[in-house]
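The listed protein sequences derive, respectively, from chains A and B.
With the first letter of the first sequence counted as 1, position 550 gets the number 564 in this note's numbering; the numbers rise by one all the way through.
With the first letter of the second sequence counted as 1, position 463 gets the number 477 in this note's numbering; the numbers rise by one all the way through.
Certain hints may be false.
Because identical chains cannot be distinguished in the list, a pair is counted as satisfied if it fits within a single copy or across any two copies.
[As the list claims (entries may be wrong)] With a cut-off of at most 30 Å between alpha-carbon atoms, the simulated BS3-like pairs for lysine-lysine come out as follows:
1) Lys278 to Lys300
2) Lys116 to Lys303
3) Lys508 to Lys518
4) Lys116 to Lys328
5) Lys482 to Lys116
6) Lys482 to Lys181
7) Lys116 to Lys300
8) Lys144 to Lys181
Please keep in mind that the hints were generated in silico from the structure rather than gathered at the bench.
A quick note: this is a predicted structure, and the numbers were derived from the prediction, not measured.
There are 2 protein chains.
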Amino acid sequence: MTVSEYIACYLNSQGVNDVFGIPGGVILDLMYAFDAHNDIDIHLCYHEQCAGFAACGYAQMKDTVGVAYATKGPGFTNLITAIADAYYDSIPVVFITAHTAKSLPERCRVVTDQDMDTCGMVRNITKYAKRVDYLEEIPMVLKYACEMAREGRKGPVFLDFASNLLKQEIRLDMPSDKFHGMHNVYSYVNMLCSSLREAKRPVVLIGDGINQTFLQSYFCSFSQAARIPVISSRYSHNIEQNSDMYYGYVGSHGIRYANFILSKADVIVSLGNRLNFPSSSESYGKIAKNATFICFDVDGGELYKHPYMNAGYKIDLRDFLPALSDNPYYCGNHDEWKATCDTIRRELWDTDVNDVVLAIGSILQNMDGVYTIVSDVGNNEFWVSRACVYSKNTNRVLYSKSFGALGNAIGKAIGAYYATHSPVVVFVGDQGFQMNIQELQYIAQHNLPITIVLLNNHSSGMIKDREKAAGYSYSLHTTQDSGYGVPDFSQIAKAYGIEYHSYKSNMRLNKYPHPQLIEANIPDSVELTPSLPRGRDCQDMEPRIDNTLYNRLNSL
Amino acid sequence: MTVSEYIACYLNSQGVNDVFGIPGGVILDLMYAFDAHNDIDIHLCYHEQCAGFAACGYAQMKDTVGVAYATKGPGFTNLITAIADAYYDSIPVVFITAHTAKSLPERCRVVTDQDMDTCGMVRNITKYAKRVDYLEEIPMVLKYACEMAREGRKGPVFLDFASNLLKQEIRLDMPSDKFHGMHNVYSYVNMLCSSLREAKRPVVLIGDGINQTFLQSYFCSFSQAARIPVISSRYSHNIEQNSDMYYGYVGSHGIRYANFILSKADVIVSLGNRLNFPSSSESYGKIAKNATFICFDVDGGELYKHPYMNAGYKIDLRDFLPALSDNPYYCGNHDEWKATCDTIRRELWDTDVNDVVLAIGSILQNMDGVYTIVSDVGNNEFWVSRACVYSKNTNRVLYSKSFGALGNAIGKAIGAYYATHSPVVVFVGDQGFQMNIQELQYIAQHNLPITIVLLNNHSSGMIKDREKAAGYSYSLHTTQDSGYGVPDFSQIAKAYGIEYHSYKSNMRLNKYPHPQLIEANIPDSVELTPSLPRGRDCQDMEPRIDNTLYNRLNSL
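Hey, can you work out the whole structure from these sequences and the hints?
Laid out in structure tokens, this is it:
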């Protein structure tokens with residue numbers, strides 16, 4: 015078998031059935047081998063950035079690695095934004111390219127066109143980056159790369175093969191998979207439960223790390239048995255949506271009642287949440303400092319981030335969650351605390367729900383069947399999150415979290431479709447949509463069941479808000495009268511042969527076997543609320559609620 | 015004055031009147047300062063990749079640095095393809111971003127969202143990459159960056175400012191510009207001319223390095239006085255187009271008569287040409303080895319590339335060309351050799367001119383006035399080059415040369431427009447056009463006089479040829495029946511509000527004040543010819559010419 019066939023077989027043995035990229039001379043052999051493999055489909059995107067995002071979306075929705083390939087030079091550099099996104103958001107993707115130069119340029123800027131020190135460029139945004147120049151190393155490198163991508167805190171790996179290797183014969187056995195043993199995690203489970211038992215007002219703060227295990231149901235069993243209020247990051251609102259124990263997501267644009275409840279907690283147990291607030295934050299640092307603050311994370315580095323953490327445990331949730339669910343130690347009776355939480359949630363349930371949130375909620379409620387939601391970056395993602403909680407939507411939403419890559423959603427949606435073969439709904443703003451609009455060609459050509467809900471406010475809403483907050487009296491490149499513009503999206507849809515609808519209230523989106531673009535025009539005056547001004551108590555968000563209510567809830 | 019105002023003033027003092035980017039929180043202050051500056055216009059693109067390419071095109075057409083800015087994280091990573099393009103093609107661009115994290119992540123993957131080791135990522139594709147964290151260093155860093163970008167072999171520099179510095183007050187004088195003195199170059203001129211004098215069949219081989227000096231006319235004066243046959247790289251066919259001394263461009267897809275003439279040369283003097291062929295090339299290495307081979311290059315590293323170079327001189331053509339032109343030493347009488355060259359050119363003048371080349375030539379001939387041509391990547395660029403020489407078009411063409419970044423042309427055209435305020439004509443294939451199609455919004459919104467000639471062969475022609483050459487019996491993602499597709503471009507034009515025309519023979523393109531898209535449908539059977547199979551003599555290209563003619567020309 016050739017090296018290319020070997021790579022295809024090995025990746026397939028890891029669960030990969032779909033790969034994404036654009037052809038180029040140096041990777042032709044690999045592409046043809048992917049194509050020849052019975053259980054692998056190859057997908058052509060129209061910008062390598064989208065191929066990378068598609069691989070991300072695929073890996074996020076399927077418990078395997080994603081795979082994206084590109085030719086050398088610009089093919090490779092076009093992948094970099096997606097590589098960084100995968101790194102920041104802990105997505106296991108194998109990025110593959112190939113080179114022809116025997117060595118890197120030393121004295122000379124360009125030795126062979128398009129060849130470059132690829133690994134040097136992505137070393138800091140990958141878990142493993144390897145230039146592969148020898149036949150013998152391929153089996154171990156490939157195995158190591160796939161393991162690295164998925165083990166512990168997941169993330170991208172990068173392999174740059176010597177192009178001439180790809181057609182050579184290789185006669186080695188497949189290396190065996192690493193054994194993922196169950197470590198002795200029960201002592202940790204016991205410790206966690208005893209902390210909760212001793213608490214008066216405990217909360218469990220969950221994060222997207224739980225989604226990344228594909229073992230969400232184990233956590234749900236635990237939370238039902240333990241009866242401890244659960245709050246989440248904005249990226250994990252799906253997990254506990256069906257549970258009466260769920261009290262929303264926290265954050266500076268979080269749900270107000272979640273922030274209220276967090277502010278009252280005396281024990282905070284964090285699971286798979288990387289606690290993305292500055293240690294110096296007066297809003298969140300204070301809470302973490304005053305409460306007993308216990309963290310479980312697969313990345314030991316995260317445990318050093320906050321000086322006032324009371325205990326931090328480096329643990330893989332893939333081992334931990336089954337143990338937590340299997341052995342529900344008694345976690346104490348917290349009925350009174352739960353009643354307080356219920357009151358706060360009830361009183362603030364409708365707060366900050368604007369027309370856009372209602373419209374998104376209505377779209378979500380009018381969908382039937384299994385689907386994936388992908389959200390782009392900008393104010394639109396906050397509205398989507400709020401709507402998901404308000405409409406109690408349990409579907410997972412893919413976001414670009416820490417890296418915030420504007421324009422990632424279309425690519426991720428393509429990957430998510432192949433991971434699930436279920437319909438996908440994308441919420442995207444008008445600026446992010448333009449950024450990778452070329453990929454409509456892919457969606458149309460393959461007739462994918464992807465519904466794109468374009469939240470068009472004819473502006474760059476989030477940056478416009480930043481301009482205002484920074485004290486500038488006029489907008490710059492963020493509104494239609496300051497240099498920003500949008501094309502006629504209905505005509506764009508027509509050009510790509512995609513069904514177009516203007517959003518109407520109570521539209522039903524069930525049974526959408528074809529691509530469609532739904533454009534919702536949003537006045538650019540709709541702002542992102544609520545928000546937390548720097549230094550304020552986290553429950554004291556803008557716009558402020560009625561003072562009497564605020565004081566009453568605060569004193570509960 | 016604030017740091018942002020200082021940066022704006024300094025860049026303007028260097029000749030910058032236009033900057034390109036997309037807003038983001040960390041660079042708002044800089045953007046507003048650019049905007050407030052009377053002599054700077056800021057331009058919003060729809061993908062940072064295009065902002066980067068626009069800055070490249072600007073710098074290529076105007077003797078100053080280009081400037082592109084982006085927000086941190088994905089804004090920065092979206093620039094990288096353009097940064098690499100600028101590095102490989104020696105384009106002086108100042109790329110600017112900003113950061114908020116005080117230090118880089120060490121123990122932890124993500125400390126502050128979107129912050130990353132930017133400089134580490136682009137160190138190998140920039141002449142200078144600097145994280146700027148201190149107020150005091152700004153004047154020197156900025157001055158050094160601009161000088162580095164333009165001095166010697168040009169190239170990109172990268173500055174990553176601490177965002178909070180951008181609004182601080184700075185009270186330093188502008189540093190003075192570096193004095194570019196005239197070195198003692200006359201001895202080199204003398205040496206060059208005596209080499210030519212001693213030769214029987216000398217050629218001067220020019221490259222795009224001469225375009226980069228903006229002193230092309232000095233070279234033309236020299237070549238007219240010296241009467242030495244001039245051949246060029248494919249990227250510098252514009253320089254000598256008006257001269258009877260010009261004999262086309264060489265290369266494996268070069269003009270056949272140029273390759274013929276090169277094969278006969280006994281002295282080759284290379285000026286600003288980086289001699290991009292492998293030392294081991296049997297086609298070109300042999301010629302260089304047998305002839306006396308003398309090279310002048312601004313990058314000393316290039317002079318070490320070919321072992322059989324007889325002499326290499328590190329020299330800045332900006333100093334050398336005026337001296338060469340001012341003091342035309344006698345270069346010998348080569349009338350007989352010129353007559354031989356004339357014969358070869360005359361006999362092969364029409365060879366390899368296919369219908370596409372004729373169509374492009376007709377478009378070029380039917381344009382009036384000053385304009386810039388930008389070519390994208392792929393087979394289309396070779397047709398454009400051939401057509402330029404065949405139609406004796408003297409306009410400069412911007413290419414993505416060594417980096418070959420598919421999709422760069424639209425962005426570069428935008429930059430070239432602002433550099434020249436003259437109409438721009440873009441030739442682009444259907445795959446490259448899709449890659450950054452979002453930027454039609456920019457062109458339409460600002461009503462730029464950019465004509466896009468879309469050479470639509472409904473395929474990825476160059477890779478399709480590679481597939482065939484590699485021995486694959488079917489296409490993969492390169493043709494319409496193998497996964498590649500195109501939208502309805504007339505509808506796309508309509509969506510963006512851009513005038514659309516189907517190409518018709520003898521179309522006149524003069525006076526085109528508005529954006530327009532001209533789509534030329536090309537049968538996907540049109541292949542790229544001629545080409546030079548590996549190992550063949552460089553004049554013995556495919557498809558082969560009549561054997562009698564070949565032998566006669568060979569024996570001249």
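We went through each hint and held it up to the structure:
With identical chains, the CA atoms of lysine 278 and lysine 300 are at most 30 Å apart within one copy only, with a shortest distance of 11 Å there and 81 Å across copies. Only between protomers do lysine 116 and lysine 303 lie at most 30 Å apart by alpha-carbon distance; the minimum there is 23 Å, versus 55 Å within a single protomer. For the identical chains of this complex, lysine 508 and lysine 518 are neighbours both inside a copy (19 Å) and across copies (25 Å), given an alpha-carbon limit of 30 Å. When the C-alpha separation of lysine 116 and lysine 328 is checked against a cutoff of 30 Å, the pair qualifies only between copies, where the shortest distance is 26 Å, while the shortest distance within a copy is 41 Å.
Within a single copy, lysine 482 and lysine 116 get their C-alpha atoms only as close as 53 Å, which misses the 30 Å cut-off; across copies the closest is 25 Å, which meets it. Taking identical chains as interchangeable, the C-alpha atoms of lysine 482 and lysine 181 lie at most 30 Å apart only when they sit on different chains, with a minimum of 15 Å there against 57 Å within one chain. Proximity of lysine 116 to lysine 300 under the C-alpha cut-off of 30 Å is restricted to the inter-copy arrangement: shortest distance 21 Å between copies versus 55 Å within a copy. In this assembly of identical chains, lysine 144 and lysine 181 lie within 30 Å of each other by CA distance solely inside one copy; the values are 19 Å within and 41 Å between copies.
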